[in-house]
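S.K.: Those protein sequence lines, which keep their order, are chains W and E.
Numbering of the first sequence is given in the working numbering, commencing with residue 273 and proceeding in unit increments.
Numbering of the second sequence is given in the working numbering, commencing with residue -5 and proceeding in unit increments.
Quick caveat, the hints were computed from the structure, so don't treat them as lab data.
Even glycine gets a Cβ: it sits at the ideal position worked out from N, Cα and C.
Careful: at least some of the hints might be erroneous.
Stated by the list, open to error - Examples of chain W residues lying across from chain E (beta carbon under 7 Å, computed):
# : residue
1 : 318
2 : 404
3 : 410
4 : 442
To be verified - Far from chain W by the CB rule (all over 12 Å, computed), these chain E residues:
#  : residue
5  : 11
6  : 18
7  : 21
8  : 28
9  : 113
10 : 117
11 : 142
12 : 162
13 : 173
14 : 208
15 : 227
16 : 230
17 : 254
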Amino acid sequence: MMIRLLRGVYGIWLREVMRAMRDRGQMVGGISRPLIWLLVLGIGLNPYFRGEVYGEVRFVVPYTYVQFLFPAVIILNIMYTSILFAVSVIWDRQFGFLREVLVSPMPSWLVLFGKILGGSTVATMHGSIVLILARFADITFTVTQGLTAIGLMFLLSFGLTSFGVILANRVRSFEGFGVFSNTIILPLYFTSSSIFPLDPALSRSQTSVVYPEWLVMAIQVNPITYAVDSLRGVLLGFNQFPAHIGPAVMGTMAVVFFIIALWDFRRP
Amino acid sequence: MNGKARLAGSPFRWGPGLINIAVITLIIFAASFLPSDTSLSQLRKSGILKVCAPYDAAPLVTSDPNQPGYDIELLAEAASRLGLRLSINRNPAIGADFNARNWGITRSQCELVAGGVIDTPATRGFLHTVPTDIETGWVMIAKPGDMPALAGSRVGILPGASGLDRTALSRVLRAENVDTSLIRAPAQLRESIENDTIDFGITDRFSAARIADGLNIVWLTHPDLPRYSLAIGGWKGDSSLHRALRKQFGDMRDDGTLRAIRDRYALGEPESG
């Protein structure tokens, strides 16, 4: 019985992964984002953050701007793939695939688990592809660091894919979902200390002198901030926040969002 | 049976997806070889690699043309392999003040900084560092014989101008209830040790080596006082130059050049404390 259930989960997972791998449009999105963000934005802004006088730089963090941006671009790729994966839930609902699967002997939570696992695998793949650009960003990491980063990517992907399913259950048309995802992905990304650093050497009141209080607050309550920070910790060896917060936030997101997605999924 | 049905269940069903993955991997891999800045190409145009260095930070930089120092020989060899000529810009402020801002080094004066740059996160906030094979850190220096225990002892501190973490040292010494006195010059430290005014001295590795004749030097080992690699400093953002330099250092390590230069300057390690 157990084996049959696992084969069912495997079947759903395989369907999602195969479909994503064969979708050239999705694959193009997966490479165009890192190329634009790292090659164009990273190089474009790099001169503004480089040193001109020893001891006087605006960007007092132990890496270059392209290195700083690199982990954030991985997260951006994961966010788009994970959240937009939920379009497939709307698709499956509209074309009857979900109905067929839900009348099978598999429990509905396993059906959802298989789908989310598939989406998470695809999102992790899209995040991992960015690691190939590490040479360009002048980042070196060991196999252990690489595997840890991929593990963290998967944890985040699982949480965000579940989050996407929650959104898909509330927005039931393709058009509505497109607007919704853009109003969520980009604000979450820009307020995650992804493209500008909060100087960890500064206290809260000092930071508020550099940035307005509302922006600092938005960054600190945004869970993606801690995902970006966690990946920076693994790949660059530098954290703006205590290192344990990132994995804890991502783990909590994965569990809580999956439970809410399951709750929604079981509703008629 | 149609084609799709034949593919189902066979390993070939992965084919189209894997081809897509291979194509995007190839595109990204090719993009990773694009130069990220113009620092190296500009240098190749000018043909000169300018290095800011102190007048004397032996054994890393010296004023002796026959033995110009470990850092200088390392950079001369790397520059020659890159097809560049090395030009040293001596700066008297380096080594006289531990605050790098007071050295007044600008991008127009030099592409690299040599002669005691320590590869710490604080340094990396201001410079891109390319580590060399040499380590530094706090050492204890005392009369020959057993090194006295740290706790409760009388210690002379010669902080020097190195970029080691003075705050961490001060924290450790306070925690160990050490009676400290500040020493201004290497000669004064040696005199204090010989006169038994202090039980031992603490300073950076190379300052200790200058006055070590007949004295015992060991690393000051403490979890809060790590040893750091020495490095060549470069401007943040000049990634293509630093990558080329790192590659040259790697090649020199592989073909034994690095070891030969190190041996010429007798850069042995102090004992472990």
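S.K.: Hey, does residue 227 of chain E actually stay past 12 Å from chain W on C-beta?
M.R.: violated, 8 Å
S.K.: Going by Cβ atoms, does residue 173 of chain E stay more than 12 Å from chain W at every point?
M.R.: Nearest chain W Cβ is 32 Å from residue 173 of chain E, so the label holds.
S.K.: Hint residue 410 of chain W vs chain E: min CB-CB distance below 7 Å?
M.R.: Status holds, d = 4 Å.
S.K.: Have a go at the residue 318 of chain W hint: is there a Cβ in chain E nearer than 7 Å to its own Cβ?
M.R.: holds, 5 Å
S.K.: Is the claim that residue 208 of chain E lies outside the interface with chain W correct, judged by CB distances over 12 Å?
M.R.: holds, 37 Å
S.K.: Regarding the assertion that residue 113 of chain E does not contact chain W, is the least Cβ-Cβ distance greater than 12 Å?
M.R.: violated, 10 Å
S.K.: Regarding the assertion that residue 117 of chain E does not contact chain W, is the least Cβ-Cβ distance greater than 12 Å?
M.R.: violated, 8 Å
S.K.: Is the nearest CB of chain W more than 12 Å from the CB of residue 230 of chain E?
M.R.: violated, 4 Å
S.K.: Does residue 18 of chain E sit more than 12 Å from chain W, CB to CB?
M.R.: violated, 5 Å
S.K.: Using Cβ atoms and 12 Å as the threshold, tell me whether residue 254 of chain E really stays out of contact range of chain W.
M.R.: holds, 26 Å
S.K.: Non-interface claim for residue 162 of chain E: all C-beta distances to chain W beyond 12 Å?
M.R.: With a cut-off of 12 Å, residue 162 of chain E remains clear of chain W, as the shortest Cβ separation is near 15 Å.
S.K.: May I ask you to test the interface hint for residue 404 of chain W with respect to chain E, counting a Cβ-Cβ separation under 7 Å as satisfied?
M.R.: holds, 5 Å
Of the numbered hints given earlier, the model fails hints 4, 5, 6, 7, 8, 9, 10, 15 and 16; all others are met.
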